[in-house]
Amino acid sequence: MKPLDFSQDGDISVLEAEVSGTFDGSPAILKYNMELKNGLLQLLKIQAEPNKQVARWYFCPLK
Numbered sequence: 001m002k003p004l005d006f007s008q009d010g011d012i013s014v015l016e017a018e019v020s021g022t023f024d025g026s027p028a029i030l031k032y033n034m035e036l037k038n039g040l041l042q043l044l045k046i047q048a049e050p051n052k053q054v055a056r057w058y059f060c061p062l063k
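Numbering of the sequence shown is given in our numbering, commencing with residue 1 and proceeding in unit increments.
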């Protein structure tokens with residue numbers, strides 16, 4: 001992972017990074033949108049570049 005940009009506004013942080021590997025669409029630029037509350041991760045949304053097909057990951061919430 002190669003960080004490209006980072007911004008923070010209150011509890012919301014956004015990291016843009018280039019990732020590469022042995023997956024379809026490599027290398028890809030991903031945007032990690034994170035929300036913290038009391039120092040704990042509440043939300044993580046990962047977006048790929050518009051119009052770029054990359055490998056798909058599926059996450060299940062912990063109960």
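Keep in mind that the hints were calculated from the coordinates and are not lab data.
One thing to keep in mind: the hints can contain errors.
Below, in silico cross-link-like pairs of lysine-lysine (PhoX-like), each with a Cα-Cα straight-line distance of 20 Å or less [said to hold, decoys possible]:
{"hint": "1", "residue 1": "K45", "residue 2": "K2"}
{"hint": "2", "residue 1": "K31", "residue 2": "K2"}
{"hint": "3", "residue 1": "K45", "residue 2": "K31"}
Derived DEER-like restraints, expressed as beta-carbon distance ranges [as the list claims (entries may be wrong)]:
{"hint": "4", "residue 1": "T22", "residue 2": "I46", "range": "25 to 33 Å"}
{"hint": "5", "residue 1": "P27", "residue 2": "F6", "range": "25 to 33 Å"}
{"hint": "6", "residue 1": "Q42", "residue 2": "F6", "range": "14 to 22 Å"}
{"hint": "7", "residue 1": "M1", "residue 2": "L43", "range": "14 to 22 Å"}
{"hint": "8", "residue 1": "N51", "residue 2": "D11", "range": "28 to 36 Å"}
{"hint": "9", "residue 1": "G10", "residue 2": "N51", "range": "26 to 34 Å"}
{"hint": "10", "residue 1": "D9", "residue 2": "I46", "range": "17 to 25 Å"}
Where is the CB? At the ideal position from N, CA and C, for every residue including glycine.
Here is what the structure says about each hint:
Our distance criterion of 20 Å between C-alpha atoms is met by K45 and K2, whose separation comes to about 18 Å. For the suggested pair K31 and K2, the alpha carbons sit about 12 Å apart, so the restraint of at most 20 Å is met. Among the hinted pairs, K45 with K31 is consistent with the structure: their alpha-carbon atoms are about 8 Å apart, no more than 20 Å. With their beta carbons about 19 Å apart, T22 and I46 fall outside the hinted range of 25 to 33 Å.
Between P27 and F6 the Cβ separation comes to about 19 Å, which falls outside the hinted range of 25 to 33 Å. Between Q42 and F6 the beta carbons are some 18 Å apart, a value that agrees with the proposed interval 14 to 22 Å. Checked against the given bound of 14 to 22 Å, the beta carbons of M1 and L43, roughly 20 Å apart, stay inside it. The hinted range of 28 to 36 Å is satisfied by N51 and D11, whose Cβ atoms lie roughly 30 Å apart.
Distance hint check for G10 and N51: the Cβ-Cβ separation is about 30 Å, which falls inside the suggested range of 26 to 34 Å. As the Cβ distance of D9 to I46 is approximately 18 Å, the hint placing it in 17 to 25 Å holds.
In this structure, the hints that do not hold are numbers 4, 5, in rising order.
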